[in-house]
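Enquirer: Sequence:
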Amino acid sequence: MIQVGLIGYGTVGSGVYERIHQSEELELLLGEPIEVKAILVKDRQKQRATHIPAIVTTKWEQFCEVAHYDVIFEAIGGIESAFFYSKHWLQKGVPVITANKKLVAEKGKELEEVACKQQTYYGYEASVGGGIPIINALKGTLSATSISRVSGILNGTTNYVLTEMTEHNRFLAEALTDAREKGYTESNPSEDLDGYDSWYKIRILSRLCFGEWPNGLQLIRKGISELEDWHVEVGEKFGFTIKLIGEAWKQGDSIVGGVYPAFLCQSEQLTYVNGVTNGISIEGDQIDQLLFIGPGAGKDATANSMIEDFLFHNRFGSWQRSYSSSSLVEHPYTHMLVCVTHTQREKALQWVKETGVEVIDTYTHHDGEGWIIANWIKGNLPFPHYPIYGDVSLRKRVKALYSAQFGTI
1 MIQVGLIGYG TVGSGVYERI HQSEELELLL GEPIEVKAIL VKDRQKQRAT HIPAIVTTKW
61 EQFCEVAHYD VIFEAIGGIE SAFFYSKHWL QKGVPVITAN KKLVAEKGKE LEEVACKQQT
121 YYGYEASVGG GIPIINALKG TLSATSISRV SGILNGTTNY VLTEMTEHNR FLAEALTDAR
181 EKGYTESNPS EDLDGYDSWY KIRILSRLCF GEWPNGLQLI RKGISELEDW HVEVGEKFGF
241 TIKLIGEAWK QGDSIVGGVY PAFLCQSEQL TYVNGVTNGI SIEGDQIDQL LFIGPGAGKD
301 ATANSMIEDF LFHNRFGSWQ RSYSSSSLVE HPYTHMLVCV THTQREKALQ WVKETGVEVI
361 DTYTHHDGEG WIIANWIKGN LPFPHYPIYG DVSLRKRVKA LYSAQFGTI
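Going by the UniProt record's numbering, the residue at position 220 of the sequence shown is 220; the numbering climbs one at a time, nothing skipped.
Hints are computed from structural coordinates only; laboratory data are not their basis. Any given hint could turn out to be false.
Straight-line distance between alpha carbons at most 30 angstroms, and here's what the computed DSSO-like set of lysine-lysine pairs gives [claimed, not checked]:
| # | residue 1 | residue 2 |
| --- | --- | --- |
| 1 | K182 | K87 |
| 2 | K37 | K117 |
| 3 | K102 | K222 |
| 4 | K107 | K87 |
Using the sequences and the accompanying hints, generate a full structural model.
Expert: And the structure:
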């Protein structure tokens with residue numbers, strides 16, 4: 001019998017428990033019975049929806065003594081306690097499966113090293129993309145495939161909010177309230193809105209694609225909390241769609257990229273990933289582009305991903321990717337949408353004159369102006385700006401009111 005220890009019994013933890021105890025197919029795939037022997041929780045008195053035959057305890061010592069565990073599922077969240085528990089079991093040679101993206105991003109390097117030393121594995125498939133099997137695809141099917149760039153829509157909450165703004169003409173504040181009422185936001189909304197959630201995930205994907213853990217300083221982070229409604233409206237006038245994009249690629253010996261709001265042209269596949277759905281794009285010489293789409297969160301999707309992670313390692317062991325070099329990515333975008341208020345306009349015109357930047361199109365909104373600029377990929381922009389991905393030449397043509405100053409149209 002496979003003896004399971006479960007740490008945490010919240011939304012994800014209860015989903016893992018139910019998946020194990022309600023699936024006869026799981027035992028058939030494993031070739032033997034599987035049972036959760038004990039559950040470590042913070043509050044023993046908390047009301048639980050179902051009767052749990054396993055031992056439920058708040059005492060670490062008791063949890064450790066219940067059984068000789070074959071696998072630990074960690075589902076408590078946070079870093080400090082989760083790191084202690086995970087490291088403890090890995091040091092004993094017991095595999096650990098987690099959905100804790102913050103822990104994996106911040107401590108994954110150390111935990112993987114412990115797992116490797118003890119000849120076990122640290123599984124974190126569910127930490128990125130919820131129900132999308134992206135990590136095991138990179139470890140398995142794509143294990144010998146060189147990757148040049150990874151990008152995606154990695155946070156369902158912000159994607160829902162931005163979809164509501166573009167598809168239903170809602171203001172940011174209104175869409176955020178709706179997301180909270182539907183239970184889409186994290187307990188700490190900043191995790192979603194300020195880009196932390198996506199930032200953790202792109203760091204994890206970077207490790208899987210390029211073979212090294214980037215530190216937080218290598219990948220920039222910018223969420224949607226400072227996004228203004230009129231910026232979205234200006235982008236739509238050009239036929240662009242706003243998304244919160246996480247991306248990373250190799251530049252020399254470094255991993256670069258980050259998380260930031262960006263406008264996507266209609267030629268981009270991620271343009272059509274809407275609502276709480278996530279989408280992850282993998283690019284490389286041999287594969288061109290692969291797009292993975294699926295639920296980014298949720299009890300059932302995340303729990304299922306944790307179980308599939310266990311099954312993957314149970315069948316194939318701790319597979320490792322080969323990290324052969326791929327074509328260098330010079331830069332994934334060359335155009336920006338710059339948003340300038342009417343009071344900033346003179347200063348912005350002076351900036352254009354001094355930098356010699358090429359403005360290829362403009363749109364005047366009652367709150368300001370949107371300028372599409374070309375070939376600006378380095379240096380600081382003194383105004384709100386957004387990368388534009390895709391074929392900008394396919395944009396909707398907008399009459400430029402100030403073409404004389406720009407000398408463009």
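Enquirer: It remains to establish, for every hint, whether it holds in the given structure.
Expert: Right, here's what the structure says about each hint:
{"no.": "1", "hint": "K182 x K87", "in the structure": "violated (35 angstroms)"}
{"no.": "2", "hint": "K37 x K117", "in the structure": "holds (27 angstroms)"}
{"no.": "3", "hint": "K102 x K222", "in the structure": "holds (17 angstroms)"}
{"no.": "4", "hint": "K107 x K87", "in the structure": "holds (10 angstroms)"}
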